[in-house]
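2 protein chains.
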Amino acid sequence: MAKTIAVSPLAPASFPKLPVIKGVTFATIAAGVRYKGRTDVMLAELAPGTAIAGAFTRSATRSASVLDCQAKLGGKADQGAAIIVNSGNSNAFTGRAGVTAVEAITEAAAKTCDVPQARVFTSSTGVIGEPLPFERIVTSLDALKSALNENGIEAAARAIMTTDTFPKGAMAEIHVAGEPVRIAGIAKGSGMIAPDMATMLVYIFTDAAIDQAALQNLVSRHNETTFNCITVDSDTSTSDSLLVAATGASGVDVTGNESFSSALESVMRDLAHQVVRDGEGATKFVEITVEGALSDADAKTHALSIANSPLVKTAIAGEDPNWGRVVMAVGKSGAAADRDLLSIRFGDVTVARDGCVSPGYNEAEAAAHMKGQELSITVGIGLGAGRATVWTCDLTHAYIDINADYRS
Amino acid sequence: MAKTIAVSPLAPASFPKLPVIKGVTFATIAAGVRYKGRTDVMLAELAPGTAIAGAFTRSATRSASVLDCQAKLGGKADQGAAIIVNSGNSNAFTGRAGVTAVEAITEAAAKTCDVPQARVFTSSTGVIGEPLPFERIVTSLDALKSALNENGIEAAARAIMTTDTFPKGAMAEIHVAGEPVRIAGIAKGSGMIAPDMATMLVYIFTDAAIDQAALQNLVSRHNETTFNCITVDSDTSTSDSLLVAATGASGVDVTGNESFSSALESVMRDLAHQVVRDGEGATKFVEITVEGALSDADAKTHALSIANSPLVKTAIAGEDPNWGRVVMAVGKSGAAADRDLLSIRFGDVTVARDGCVSPGYNEAEAAAHMKGQELSITVGIGLGAGRATVWTCDLTHAYIDINADYRS
Chain A
72 MAKTIAVSPL
82 APASFPKLPV
92 IKGVTFATIA
102 AGVRYKGRTD
112 VMLAELAPGT
122 AIAGAFTRSA
132 TRSASVLDCQ
142 AKLGGKADQG
152 AAIIVNSGNS
162 NAFTGRAGVT
172 AVEAITEAAA
182 KTCDVPQARV
192 FTSSTGVIGE
202 PLPFERIVTS
212 LDALKSALNE
222 NGIEAAARAI
232 MTTDTFPKGA
242 MAEIHVAGEP
252 VRIAGIAKGS
262 GMIAPDMATM
272 LVYIFTDAAI
282 DQAALQNLVS
292 RHNETTFNCI
302 TVDSDTSTSD
312 SLLVAATGAS
322 GVDVTGNESF
332 SSALESVMRD
342 LAHQVVRDGE
352 GATKFVEITV
362 EGALSDADAK
372 THALSIANSP
382 LVKTAIAGED
392 PNWGRVVMAV
402 GKSGAAADRD
412 LLSIRFGDVT
422 VARDGCVSPG
432 YNEAEAAAHM
442 KGQELSITVG
452 IGLGAGRATV
462 WTCDLTHAYI
472 DINADYRS
Chain B
72 MAKTIAVSPL
82 APASFPKLPV
92 IKGVTFATIA
102 AGVRYKGRTD
112 VMLAELAPGT
122 AIAGAFTRSA
132 TRSASVLDCQ
142 AKLGGKADQG
152 AAIIVNSGNS
162 NAFTGRAGVT
172 AVEAITEAAA
182 KTCDVPQARV
192 FTSSTGVIGE
202 PLPFERIVTS
212 LDALKSALNE
222 NGIEAAARAI
232 MTTDTFPKGA
242 MAEIHVAGEP
252 VRIAGIAKGS
262 GMIAPDMATM
272 LVYIFTDAAI
282 DQAALQNLVS
292 RHNETTFNCI
302 TVDSDTSTSD
312 SLLVAATGAS
322 GVDVTGNESF
332 SSALESVMRD
342 LAHQVVRDGE
352 GATKFVEITV
362 EGALSDADAK
372 THALSIANSP
382 LVKTAIAGED
392 PNWGRVVMAV
402 GKSGAAADRD
412 LLSIRFGDVT
422 VARDGCVSPG
432 YNEAEAAAHM
442 KGQELSITVG
452 IGLGAGRATV
462 WTCDLTHAYI
472 DINADYRS
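Protein chains in written order, with the numbering used here: chain A, 72 to 479; chain B, 72 to 479.
To be clear, the hints were calculated from the coordinates, so they are not data collected in a lab.
Careful, some of the hints might be misleading.
The calculated DMTMM-like cross-link candidates involving lysine to aspartate or glutamate, where the alpha carbons are at most 25 Å apart (straight line), are [what the hints assert, rightly or not]:
| hint | chain 1 | residue 1 | chain 2 | residue 2 |
| --- | --- | --- | --- | --- |
| 1 | B | K107 | A | D391 |
| 2 | B | K147 | B | E206 |
| 3 | B | K143 | B | E178 |
| 4 | B | K93 | B | D213 |
| 5 | B | K107 | A | E434 |
| 6 | B | K147 | B | D324 |
| 7 | A | K143 | B | D409 |
| 8 | A | K107 | B | D391 |
| 9 | A | K442 | B | D472 |
| 10 | B | K93 | B | E225 |
| 11 | A | K147 | A | E221 |
| 12 | A | K107 | B | E434 |
| 13 | B | K147 | B | D282 |
| 14 | A | K93 | A | D185 |
| 15 | B | K442 | B | E390 |
| 16 | A | K88 | A | E221 |
| 17 | A | K93 | A | D341 |
| 18 | A | K143 | B | D391 |
| 19 | A | K442 | A | D409 |
| 20 | B | K442 | B | D391 |
| 21 | B | K143 | A | D411 |
| 22 | B | K143 | A | D409 |
| 23 | B | K442 | A | D472 |
| 24 | B | K107 | B | E206 |
| 25 | B | K88 | B | D409 |
Pulled out of the complex, with its shape left as it was, chain A reads as follows (with noise of 0.2 Å):
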């Protein structure tokens, strides 16, 4: 990395513990992909029956290993799988010579952890358009594979950070008829962050038993809600890959059960907000939401124009309660919006109502919800019930040091 970046004051207190995941085995190594002095490969293998369900990236430019994983989602389950996941090199944008290394890293992961090649998922995360050096990647897979433990899902969220100032991870447990059902999972990302979707990666694994189909239903819907209503920077990276392995070990199936959804609902959120509190040169976490558009899908719209717009986050990132560039954004949106029935809080004060400003608008008192670190948008359409909610950051000055000289 081009300097060292002080971790995100945004940041929780530490790593979460997070409960061993019956299934599945870790390990990272430093195999000198692009840093020095640091992991930046990990490999997870999981049991045979484990269900794999993901979601991707919609780019056009989408790398190789995104590819090659989209089209190995919904495998037959009754052998193991892997996944192996480099730092430092996105593989994006290599033509020919990605898709050489995506086949040659997959086909020497299935051979080291006797799986099908169809079973091994691969990702990377770094620099564009600079061959993938897949070699050093090759050439620690025994290594990796003598090194595999059911603890290592800390140091893997090391090993996958790039522009990350802290390593992110989340867990759920439940009881399903008495029986604990585990889920935990890790993520990277903190640039080059907006749907869709929240251009990072993230691996969740859980010792549930639950039909693949089933599974991917539910990555499917909830990713909508958690990692494509989060953005940093409005790019979107061609990379982003979500995988979420269900081993099965606990023996407890969790088709069609709510508690689990939940459950896994709130893992993906969890990590989706640590990726935007890790958000490039961020200070403030910045919850928007719009309520009263006609449709959700009107209400996300409006909600990721607010989140997207440069003047509102740098007026964040000024602590100013400059609610007429929510207007100018909510305007330009796209979205139905009338300007005589807009109404704006920024934390519990009202500061316009009826298209203008509120009669007992106080500007002190949304100067000071504007000084804390975690800060309440919501924009009231007045035109139906649609409603969502989407999270970003402030832009800083640290954003631009960050990116106006750093490459990967």
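Since the structure of chain A is provided, determine the placement of chain B on it from the hints.
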């Protein structure tokens, strides 16, 4: 203004010498709308017979003055007309009070200039959401009327500035059957600049004689390739207005004349470029051309996606030929692209071809191009014949300085 901002390094050396346009006179005054110690209102009076065409923001929250102007376009040209513009307060999102202000200003100006109220166009630019003290404008009308003169266009350009660091003017002169026809225009705008339309105020005057419908047709068409092809920050104002007034005083009918059409387009493009050159915090003027897209519309979608990407814009600020971010921006745009057909040039340096780094690519050459003030990025999509060029600037610390604590 919150602080003194130096003149943009991309500014022209001086304000151009604009020709007198027969049939239009100008006056300005320091009415104290918001700013102290500078002019903030301009009046332009137009001779009977003047045809007036225009283009406006499509924001759903556009201001009362924009709605009023839109309703008045296409009126009968046999009587005189007036344009009155203030800076410092945009009269946007001011509810019923906003409509009252527009009514009061246009009614008073109609009386002062002895023209129909339906032929008085007003614009306001500046802070959103605060009531416009329109009485200060109304009570200035007599002084403005008595100060009207045909040489006041540069002063008018200065009176409408907000965050602008230099006044913007452009001209053209053509000959039709040996007779001179002149065009002179002014503009303001430097932030909240994105299609549609270029988030600014533009007033163009010509002594040509032209049918109103023909003029409107030209304005709408050229708007798409000029003001709707620039972006500073992807944020669209609620007040964007372009008015083009043809007084007919030259006695030369230009209806259907291609030279006039080209001259008008050149003035519009010149003013559009000047707005980008005054982009908040800009240090680089960047021309982005996309060719080989499936359609011109697709090419423009790709080009604007590149031009609006914070990661592309910060890389330009850092003089980094980071073509991977260009690939990313093409991928996320939503228009058709094939990763393995893309080619990218920075200036004359071919960086990528057929989806990967060009064999002879020399990063030092590309980096040298990036050190200039005038940059070009050309992207070949390889799918068709669609083509578009847009203009933008870099994203620098100064943009954040200006917008994190500036209100107006």
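- prompt: Is the Cα-Cα distance between A/K107 and B/D391 25 Å or less?
  reply: holds (22 Å)
Proposed proximity, A/D185 with A/K93 (alpha carbon, max 25 Å): holds (19 Å)
- prompt: Going straight from one Cα to the other, do A/K442 and B/D472 come out at no more than 25 Å?
  reply: Judged against 25 Å, a Cα distance of about 18 Å means the pair holds.
field: Distance restraint between A/K143 and B/D391, which requires alpha-carbon spacing of 25 Å or less
entry: violated (37 Å)
message: Checking one constraint from the list: CA of B/K93 to CA of B/D213, max 25 Å. Satisfied?
response: holds (22 Å)
query: Given the hint that A/K147 pairs with A/E221, does the C-alpha gap stay at or below 25 Å?
result: Holds: A/K147 and A/E221 sit about 24 Å apart, inside 25 Å.
query: Given the proposed pairing of A/K143 with B/D409, does the C-alpha separation stay at or below 25 Å?
result: holds (21 Å)
Pair hint outcome, B/K147 versus B/D282 [Cα-Cα no greater than 25 Å]: Holds, at roughly 11 Å.
query: Hey, B/K107 versus A/D391, does the alpha-carbon distance stay inside 25 Å?
result: Answer holds: B/K107 to A/D391 is near 23 Å, not above 25 Å.
B/K88 paired with B/D409 [C-alpha distance capped at 25 Å]: Violated - the C-alpha atoms of B/D409 and B/K88 are around 48 Å apart, more than 25 Å.
query: Can the restraint linking B/K147 and B/E206 be considered satisfied, given a maximum Cα separation of 25 Å?
result: violated (29 Å)
message: For a C-alpha distance cap of 25 Å, please report whether B/K107 and A/E434 respect it.
response: holds (23 Å)
The structure is inconsistent with the numbered hints 2, 18, 19, 25, although it conforms to all the rest.
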